[in-house]
Amino acid sequence: MGEKMYKRPKVAVPAFSEANGFYTTKERSFNMSQIRSKGTKPEKLIKKALWDAGVRYKTPEKPLYGKPDISIKKYKLVIFVDGSFWHGYDWKNRKHAIKTNKEFWIAKIERNMERDQEVNAYYQSKGWTVLRFWDLEVKENLGICVKAVLDSIP
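1382 is the number of the first residue of the sequence shown in the working numbering; add one for each residue after it.
Source of the hints: derived by calculation from the structure; they are not laboratory data.
Just so you know, even glycine gets a beta-carbon here, dropped at the ideal spot from N, CA and C.
No incorrect hints appear here.
The calculated BS3-like cross-link candidates involving lysine-lysine, where the alpha carbons are at most 30 Å apart (straight line), are:
no.: 1; residue 1: Lys1443; residue 2: Lys1425
no.: 2; residue 1: Lys1455; residue 2: Lys1507
no.: 3; residue 1: Lys1507; residue 2: Lys1439
no.: 4; residue 1: Lys1473; residue 2: Lys1520
no.: 5; residue 1: Lys1507; residue 2: Lys1428
no.: 6; residue 1: Lys1455; residue 2: Lys1422
Cβ pair distances, simulated, as ranges:
no.: 7; residue 1: Lys1483; residue 2: Gly1524; range: 36 to 42 Å
no.: 8; residue 1: Lys1507; residue 2: Asn1474; range: 31 to 37 Å
no.: 9; residue 1: Lys1483; residue 2: Ala1434; range: 38 to 44 Å
no.: 10; residue 1: Lys1457; residue 2: Glu1484; range: 36 to 42 Å
no.: 11; residue 1: His1477; residue 2: Arg1437; range: 42 to 48 Å
Using the sequences provided together with the hints, build the complete structure.
Below you can see the structure in the form of structure tokens.
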């Protein structure tokens, strides 16, 4: 998308490496490699519910800016299903629960939150509607999430 000017400096995320004091076991490394960014259960749940409600959408093959999980170009609508850990759900309370590699994880998640705001601003500046749902919100209140999407479609 080219270089753009930020109002404040980006959150600096230290590189995750043993040289920087970060160590991970083979088991932890394997577990982290199994975490998906696409095709998660909450994402599949909302997609199926929207399809059943008659909403026809695209899962972009060529990723759009910010990689939305669902896009409806006809209505200029993008939908993101954000993971609670990765995007900082209840961050003020939960960031204190991180026990290992705090410097890395706090910076990493805060940069993700900052990037989410940048992506929202990008789409809103183009006249698009941005909907973001927490993964746990989709699991617990799928009907409310679907209604929010339906209410956003003219």
